[in-house]
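Chains as they are written, first to last, in numbering that gives the first Met the number 0: chain A, 0 to 269; chain B, 0 to 259; chain C, 0 to 339.
Hints are all accurate, no fakes.
Some, not all, of what chain C presents toward chain B, calculated at C-beta under 7 angstroms: (1) M78; (2) L79; (3) R101; (4) E102; (5) G113; (6) Y115; (7) R117; (8) V118; (9) Y126.
Derived coverage of chain B by chain A (criterion: at least 3 residues anywhere in the stretch with Cβ under 8 angstroms from a Cβ of chain A; other residues may be distant): (10) 35 to 49; (11) 182 to 191.
I should point out that these hints are in silico values taken from the structure, not numbers from a laboratory. Beta carbons: idealized from backbone N, C-alpha and C, even for Gly.
Listed here are the chains, written in short residue letters.
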Amino acid sequence: MTQPNRLRVFFSSAVFSFRAQFSWLNPPMWLTMKLILPFSQMAFFCLLGGYLVSKGFASSDIVAYMAIGNAIQAMSWNTVFAVINITSADKWDGTLQLMLASPAQRLPLFVGRSMIHIFDGLLSVLVSFIFAAFLFGVDFVRTDLLGLTVTLLLTGFTMAGFGLLVGGFSFYFRDPLVFANIFTFVQLIFCGINFPVQSLPQQVQFISYLIPLTYGVQAGREVIVGATLTDIAPLLAQMTVVGLVAIALGYFFFRRFENSARKTGRLEAI
Amino acid sequence: MPKPLRVTYSAFIMAMRHWIADPQWVIPNVIAPFVFTFVALTLFKNASESFAVNAVLGGGMMGMWGNTLYGSGFAINFERWQGTLEEVLAAPSNLMHVIAGRSIANALFGLINMVAILLIATLVFQVPLGIANPLLFSLAMVLTLLSVSALGLIFASSFVLTRSAQVMTNGLEFPIYIVSGSMVPIYFLPFWSHPISYVLGPTWGTDAIRWAGEFQNVPLTFWTNIVVMMLITLGYLVVAAFLFKKVGDKVRRDGSLMEA
Amino acid sequence: MSGKSGQSSKREESRTDKAIVADHLCKIFYTTKGVVRRTKKPVVAVKDISFTVDYGELFGIVGPNGAGKTTTIKMLTTMLIPTSGAATVLGYDVEKNVRKVRESIGIVLGGERGLYTRVNALQNLRYFADLYGVPTDVREKRVKKLLHFVGLWDRRNDRVETYSRGMRQRLHLARGLINDPKVIFLDEPTIGLDPEIAIETREMIKGLVKEGKTILLTTHYMYEADELCRRVAVIRKGEIVALDTPSALKKYVRDTSVVEIDAFGVTEKCVETLKKVPEVLAVTANLSEDKQVVKIQTPKGSEIISDLQEVLKECRINDIKIKEPTLEDAYLRLVEGKVK
Numbered sequence: 000m001t002q003p004n005r006l007r008v009f010f011s012s013a014v015f016s017f018r019a020q021f022s023w024l025n026p027p028m029w030l031t032m033k034l035i036l037p038f039s040q041m042a043f044f045c046l047l048g049g050y051l052v053s054k055g056f057a058s059s060d061i062v063a064y065m066a067i068g069n070a071i072q073a074m075s076w077n078t079v080f081a082v083i084n085i086t087s088a089d090k091w092d093g094t095l096q097l098m099l100a101s102p103a104q105r106l107p108l109f110v111g112r113s114m115i116h117i118f119d120g121l122l123s124v125l126v127s128f129i130f131a132a133f134l135f136g137v138d139f140v141r142t143d144l145l146g147l148t149v150t151l152l153l154t155g156f157t158m159a160g161f162g163l164l165v166g167g168f169s170f171y172f173r174d175p176l177v178f179a180n181i182f183t184f185v186q187l188i189f190c191g192i193n194f195p196v197q198s199l200p201q202q203v204q205f206i207s208y209l210i211p212l213t214y215g216v217q218a219g220r221e222v223i224v225g226a227t228l229t230d231i232a233p234l235l236a237q238m239t240v241v242g243l244v245a246i247a248l249g250y251f252f253f254r255r256f257e258n259s260a261r262k263t264g265r266l267e268a269i
Numbered sequence: 000m001p002k003p004l005r006v007t008y009s010a011f012i013m014a015m016r017h018w019i020a021d022p023q024w025v026i027p028n029v030i031a032p033f034v035f036t037f038v039a040l041t042l043f044k045n046a047s048e049s050f051a052v053n054a055v056l057g058g059g060m061m062g063m064w065g066n067t068l069y070g071s072g073f074a075i076n077f078e079r080w081q082g083t084l085e086e087v088l089a090a091p092s093n094l095m096h097v098i099a100g101r102s103i104a105n106a107l108f109g110l111i112n113m114v115a116i117l118l119i120a121t122l123v124f125q126v127p128l129g130i131a132n133p134l135l136f137s138l139a140m141v142l143t144l145l146s147v148s149a150l151g152l153i154f155a156s157s158f159v160l161t162r163s164a165q166v167m168t169n170g171l172e173f174p175i176y177i178v179s180g181s182m183v184p185i186y187f188l189p190f191w192s193h194p195i196s197y198v199l200g201p202t203w204g205t206d207a208i209r210w211a212g213e214f215q216n217v218p219l220t221f222w223t224n225i226v227v228m229m230l231i232t233l234g235y236l237v238v239a240a241f242l243f244k245k246v247g248d249k250v251r252r253d254g255s256l257m258e259a
Numbered sequence: 000m001s002g003k004s005g006q007s008s009k010r011e012e013s014r015t016d017k018a019i020v021a022d023h024l025c026k027i028f029y030t031t032k033g034v035v036r037r038t039k040k041p042v043v044a045v046k047d048i049s050f051t052v053d054y055g056e057l058f059g060i061v062g063p064n065g066a067g068k069t070t071t072i073k074m075l076t077t078m079l080i081p082t083s084g085a086a087t088v089l090g091y092d093v094e095k096n097v098r099k100v101r102e103s104i105g106i107v108l109g110g111e112r113g114l115y116t117r118v119n120a121l122q123n124l125r126y127f128a129d130l131y132g133v134p135t136d137v138r139e140k141r142v143k144k145l146l147h148f149v150g151l152w153d154r155r156n157d158r159v160e161t162y163s164r165g166m167r168q169r170l171h172l173a174r175g176l177i178n179d180p181k182v183i184f185l186d187e188p189t190i191g192l193d194p195e196i197a198i199e200t201r202e203m204i205k206g207l208v209k210e211g212k213t214i215l216l217t218t219h220y221m222y223e224a225d226e227l228c229r230r231v232a233v234i235r236k237g238e239i240v241a242l243d244t245p246s247a248l249k250k251y252v253r254d255t256s257v258v259e260i261d262a263f264g265v266t267e268k269c270v271e272t273l274k275k276v277p278e279v280l281a282v283t284a285n286l287s288e289d290k291q292v293v294k295i296q297t298p299k300g301s302e303i304i305s306d307l308q309e310v311l312k313e314c315r316i317n318d319i320k321i322k323e324p325t326l327e328d329a330y331l332r333l334v335e336g337k338v339k
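Build the full structure now, drawing on both the sequences and the hints.
So this is what it looks like as structure tokens:
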């Protein structure tokens, strides 16, 4: 039945229709997803930051801090779309293709299929950077472009991988998209988007380091004020490791699901 | 002739039934405002108590806003995906009354969302939330809820026209959070946005809620806020009624519903 | 374009003697093409349809897909506004008196949609009862009666998503009767149903007529129209090509026989060639992988067989029969346009 599947995909306050994946086909949707959303989220937090500064509760660089954080977080939707790719029953063939390919081919296959979403995410980040530069006082003069590009690409890739994990794990729940959705908001707490990880209670800080985005945002901040690729290499390395682990775990969950689906003959884990 | 209230009530019950059938979908709507509140509280760590309280109330307001807007807009698309939109349109009752029922159900979730945020803030984050005048506080909340629902109705009517409206309404969520003064007071916002703020009924409601939260003997401002908000809400209902009629006629003329 | 002002009120007055009146109904849709420069292209769904239905009559509209059946029903049930022309149901104008029309009619659009799947049958019916303003004191009794009528009383507390297709269709029918309508519109009511269930459904429809209800039914099953309807309108490309009782329609093909050929290896090309054989009035072919059946209408009778065999010489012919034409054949003739 196609109706319940569509129901799944559509049902969500923060995301959006299946068509959003192809937002470039549809001007109002494209406009909203690429311009209005990233801008308004950034504006919301930066205004909050500015307000805090005016009351003396924070130092004046918090606005730029938040702007960069939100800009890079704009890429997080590609994670969600990676999840959709994996868990949507319509895409089952594509995913099955992934599984049936030889082990050596699987990673490149995965990267290939995520590419469109990674680049889509990059575009969002770019647009957000423009807002950050002109409206929220972020100074890009000292940016190491190479470093920034590598950081963003790697972040996109690792987050897509994380999406695979979220997707693989959420197969066991009735509505995977709820998970993906919750996750995008949870990032706002754990990934150092609007405040440093250190502001969180000690006991939960480790969660931040399990998510690739945290490293990406940190590296991005450093690179924008002039750090070079070599300076941020350790961060990027850590991020890559986390990303690969996520992919491996996601793949594992996915295989388990595939096996149980083969045994029960059903395409749905529930 | 079906009584409007009966239709609205019936639609409300139907919406609640569907929520009970699929409760997990409330989670994304609840998580978002909660996350924003958490972020705000963490940022306000160094601030005085009253700011923390405002942050929490703001988060609660956002919860109410988000759910209601999402819900109203979604109401029409829900019928579409169930395949019942044509049947509902063919019935003699006014579509607006049907959607109003759903709107109110979603606003109710918003209210629950707000209460949850307040509870968690008090219990987990130990933000002292004394409500000075609980009665008027509740009154202000309920009336603000209705105001948000009415605004949601206006959005809902656009959904009959096109599915893309859903995305655009989602795009409006954050701007409305900003402009309604939930987290950041309006005086801090750029001056050109002030007119927009004052045209939104819930902006006045938020203010009234804060007054009742802080003062046992509410100042006159509380009552002026309430009155202005109710007037604006009435305006919304008039506009919504007009839009529903226009949209209904359009759909019947060009058969655009058939794309559904 | 018939005048809608002065003349129509007079027309309305005199037309309460008929349950349904369609007067030169026409509906044109506009599709837009292109993303940047959008051009509008008109699509004529219904060109010109006029007919009347008496009280208590079971009236059928048949036609191929895309002929305009559903569009016509939608205009009569106020779901679409006619581009031109007018219609009344129980004397109420479908454009000006929308609410009165909606209160008095039942609509069953068929298919699996039109029901809330996550709740049960009782809740569905109660909800629609509220939407239709069924008086509260009557509501429970009627819901109960309808569920019994469609044989779903035992499953009333089960979610609709657990229902089979046939059950959903029955619930759909119950929903269409929730306001005890005087006129009921059924759009392809037995499509996709198992034969036993389709038979049951037809019995239910007959039962409704006995209660004095007026029914307008669309279908593309000829035997159904033959069995149920007092009169049938045949629609093709938005126009009525014939309107009469089933027996009168069969007379269109009275002078013809039907040669039914059961063969193997028949292609579309063969069919086209068959159509060109002199004195062949209509050809229909049912070409499936394992079996192909071709029906040819001709006034000639058995003399034509040799010509047909010539065309089909590449194929293996299993059986040839000559039959009396049925309503279906009449319909095919009318719809393929070799009559008139």
